[in-house]
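Novice: Here's the letter readout for the chains.
There are 2 protein chains.
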Amino acid sequence: MKAEPLRLLMIGFGNVGQKLVSILSIEKNQYSQLTGFSPQIIGIFTRQHGAVVNYDGLDLWNMLPLYKKHEGFIPAHPEYSALDTNTAINELDYDVLVELSTLSIENRGEPALSYIRSALKRGKHVVSANKGPLAFAYRDLQILADRNNCFLLHEATVMDGTPVFNLARTALKGCRIMRVSGILNSTTNFILTRMEEGLPFDQALQQAQQMGIAEADPKYDIEGWDSTAKICILANAFLYGDLTPPQIPKEGISGISDRDIKTNLLQGKRLKLIGSAWLENDRAAARVVVESIPFDHPFANVKGTGSVLQIETDLMSPLIIVHLSPGLSDSAFGVINDLLEIDFINKNNL
Amino acid sequence: MKAEPLRLLMIGFGNVGQKLVSILSIEKNQYSQLTGFSPQIIGIFTRQHGAVVNYDGLDLWNMLPLYKKHEGFIPAHPEYSALDTNTAINELDYDVLVELSTLSIENRGEPALSYIRSALKRGKHVVSANKGPLAFAYRDLQILADRNNCFLLHEATVMDGTPVFNLARTALKGCRIMRVSGILNSTTNFILTRMEEGLPFDQALQQAQQMGIAEADPKYDIEGWDSTAKICILANAFLYGDLTPPQIPKEGISGISDRDIKTNLLQGKRLKLIGSAWLENDRAAARVVVESIPFDHPFANVKGTGSVLQIETDLMSPLIIVHLSPGLSDSAFGVINDLLEIDFINKNNL
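Residue numbers (my numbering), protein chains in the order written: chain Z, 7 to 356; chain D, 7 to 356.
No distinction is drawn between identical chains; accordingly, a pair holds when it is met within one copy or between any pair of copies.
In silico PhoX-like links for lysine-lysine, alpha-carbon gap of 20 angstroms or less:
no.: 1; residue 1: LYS179; residue 2: LYS353
no.: 2; residue 1: LYS275; residue 2: LYS309
no.: 3; residue 1: LYS268; residue 2: LYS309
no.: 4; residue 1: LYS256; residue 2: LYS225
No wet-lab data here; the hints were simulated from the structure.
Generate coordinates for the entire structure from the input sequences, incorporating the hints supplied.
Specialist: Okay, structure coming up:
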């Protein structure tokens, strides 16, 4: 059976969205040959940079140069659309909503949360790289997805494209996850590593921003919100929790002094911002705290922008996944991986 | 649809087989409730300790005490079978051959290799924890499996139950693996760690044997054959190679002196036995060598019986999977995981 190509509606067109388009277009022939996967993007909607729609599939090849030249999708663009995002999600014909806008803690995941609800209510699959909706309404959204017989996947929300949720769903389905913990935020880990090398906090943060790894609002990183959103999603997905970020005790790294760093190094330890989630009387609990990690612990050598997750189960000894220096294509890969899974499910009528 | 339970024919009944029976029997109610997975073992055949068959499913509850009491399956056992293993594989009615006998390098994977061929030719799925057949005939066996529309899975052959092959098959299917490397043998890693702590080689080996972690023939570990068999399977599975262990350059650890260990420690390094496989002019190549690993490398903190694998792909930055101090249930879990996948495929007619 030759199935129809998967039709995607994308919300947000920042770094991850652009990398995704680049993988699927410039590298398209190679990519679809390699994987047999060749989706169509039928629309891209942004908050401040216009929108494009083409039911035959957008012209991905010319999209990035045009978008960069005009700093957005402008009315002169041959595929320009004046639809608003809500209407597009509720009325256009697509298979998967790909939500790539950025985390908003203040707005408790909105407006992305409403976008995702609308799509699921229509029975459309959703792939989200945006942590907000999953952190604030994981349980609700999964129930809504189940009820409408569709999938809500979100691999890229934690550790970029590192297969964390995919692993739990497939390779660990025969055992029960009891605890997860790890270094989940690249920016703070980068800053702590630079401080160990002697750089003051402010300069280290500035470097992270110049590298483009910090969240749009750096306080999300520094104050631990990003780590909290991630451990919240992990607690809800792995431990069947129903937590939201404000319910999770958290620390940031802004209170850490050069002296704290040095004292720890002299004792053979590194300070790391660690998110943990575990079962307490059969209920999920979580926290984000700065911990002193001895040099010989597997977390200690995860430096710079690296991240790590330790998964403890009932049947296996602890499993640790380390991701060294992730880049943009890692996040895009997380999205692609989810799309591949939906494509597989579609083709096999599962 | 309520599918029939998966019917298993087991070859070998050592530590892993016994643990598997224990998980599926003593913990059976809980396990099948948790996973919805409730297979029947219809036969167990051993090389030197007799065989049992029961088409209604063997009595797992009483099996281990009886087997231990009589040091094998004896003719007085109510389910005793006088069939020989070849006949059983060729004539009994089962869904999956579970091959759990031990690695044989001298016999190039035989007799397990022939057992697996016979089962695949009959269109039976195979789950193997035995490295031999996969290391010596990976490509042939996979072709035979494809041709007969059945699966040959082998998660437990590398890093016990750590989802390595499962990960590549599902979570990494959207990218191309370019290189894998890691610490693959527990016994040698344990010995090297103990030598760093000051123990002589012989005593460290003796400890490993007392702990039951060494291969039946310890020279398989010490001379690097076990690591070679594993990197061979990885090269063939991940890099589409067609290698056999004797083609792979290898080193063991018996030439390492206390002084080598100390010299490296003073330089901030640890000696580790590293298996690597990579693409060379689009062809898989592999080797097993002792390498000096700096303290701050992610491999350096994998001590004792731990193992680690680094996977490099075309789309993602390197991914590292660490398994700390694996136990017997880890290997059994690898087998269960493969069975769960076959069960899923069966139930959904994939």
